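Protein chains: 2
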Amino acid sequence: MEESKGVVKHVLLTKFKEGTSENQIEELTKGYAKLVDLIEPMKSFHWGKDVSIENLHQGFTHIFESTFESMEGVAEYVAHPAHVDFANLFLSHVEKVIVFDYKPTTVRI
Amino acid sequence: MEESKGVVKHVLLTKFKEGTSENQIEELTKGYAKLVDLIEPMKSFHWGKDVSIENLHQGFTHIFESTFESMEGVAEYVAHPAHVDFANLFLSHVEKVIVFDYKPTTVRI
Numbered sequence: 001m002e003e004s005k006g007v008v009k010h011v012l013l014t015k016f017k018e019g020t021s022e023n024q025i026e027e028l029t030k031g032y033a034k035l036v037d038l039i040e041p042m043k044s045f046h047w048g049k050d051v052s053i054e055n056l057h058q059g060f061t062h063i064f065e066s067t068f069e070s071m072e073g074v075a076e077y078v079a080h081p082a083h084v085d086f087a088n089l090f091l092s093h094v095e096k097v098i099v100f101d102y103k104p105t106t107v108r109i
Numbered sequence: 001m002e003e004s005k006g007v008v009k010h011v012l013l014t015k016f017k018e019g020t021s022e023n024q025i026e027e028l029t030k031g032y033a034k035l036v037d038l039i040e041p042m043k044s045f046h047w048g049k050d051v052s053i054e055n056l057h058q059g060f061t062h063i064f065e066s067t068f069e070s071m072e073g074v075a076e077y078v079a080h081p082a083h084v085d086f087a088n089l090f091l092s093h094v095e096k097v098i099v100f101d102y103k104p105t106t107v108r109i
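Chains A and B, in that order, are what the protein sequence lines are. Just so you know, the first sequence maps onto residues 1 to 109 in the UniProt record's numbering. Just so you know, the second sequence maps onto residues 1 to 109 in the UniProt record's numbering.
Wrong hints could be hidden among the right ones.
One copy or two, either will do: identical chains are not told apart, so a pair holds if it fits within one copy or between any two.
Stated by the list, open to error - With a straight-line cut-off of 16 Å between C-alpha atoms, the simulated EDC-like cross-links for lysine to aspartate or glutamate are:
# : residue 1 : residue 2
1 : LYS9      : GLU72
2 : LYS103    : GLU69
3 : LYS34     : GLU95
4 : LYS9      : ASP50
Please keep in mind that the hints were generated in silico from the structure rather than gathered at the bench. Just so it is clear, the structure is predicted and the values come from calculations on it, not from any experiment.
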């Protein structure tokens, strides 16, 4: 099994609090995306809504994925004032959240 | 915000049951990877262990991500006998699981 060198994917799953409007979610998503310009080690960002059919999403409705070149990059991001400010705002709107970091690994069979 | 055409990411987060050995997890991971060869609409697969530092991973330890060309492809995968057999085996080893499908969307600011 081969681990890709350095690259770290930072995945956030969330369910927003009841009463959070679509407009608010769009603003939060734009704010999240803006961090790519503000925090050097954050290399890319995408997001999406759950469209699963297996009913195993456990109530989570939105996913946000960003990419870093290393765990040091993630640590720099986590501590960055722009992230701290944004995280405080974002987390005030969530009912539940999971944040999961990993180094994508492929399998050679 | 631009949704990529068709492509669906299928994300599974899990925590294995206590007592599941590293060997068993490796065999399950290889079994998951093999589905790429067995189920035509499944286009790629990677996995990883949680290395996050924010302590928001809620006990989840492993992630598995596969890619499909469409939601129809995911539906074909879900119903495929090779997936059904593998899912029964895999789920017998998990303490908790989330399955989340989404169409990755980028944000133009």
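Results of checking the hints against the structure:
1. In this assembly of identical chains, the alpha carbons of LYS9 and GLU72 lie at most 16 Å apart only when taken from the same copy (13 Å versus 26 Å across copies).
2. Only within a single protomer do LYS103 and GLU69 lie at most 16 Å apart by alpha-carbon distance; the minimum there is 10 Å, versus 23 Å between protomers.
3. For the homomeric pair LYS34 and GLU95, neither the shortest alpha-carbon distance inside one copy (23 Å) nor that between copies (36 Å) is at most 16 Å.
4. With identical chains, the CA atoms of LYS9 and ASP50 are at most 16 Å apart between copies only, with a shortest distance of 10 Å across copies and 19 Å within one.
The structure fails to meet hint 3 from the earlier list, while all remaining hints are met.
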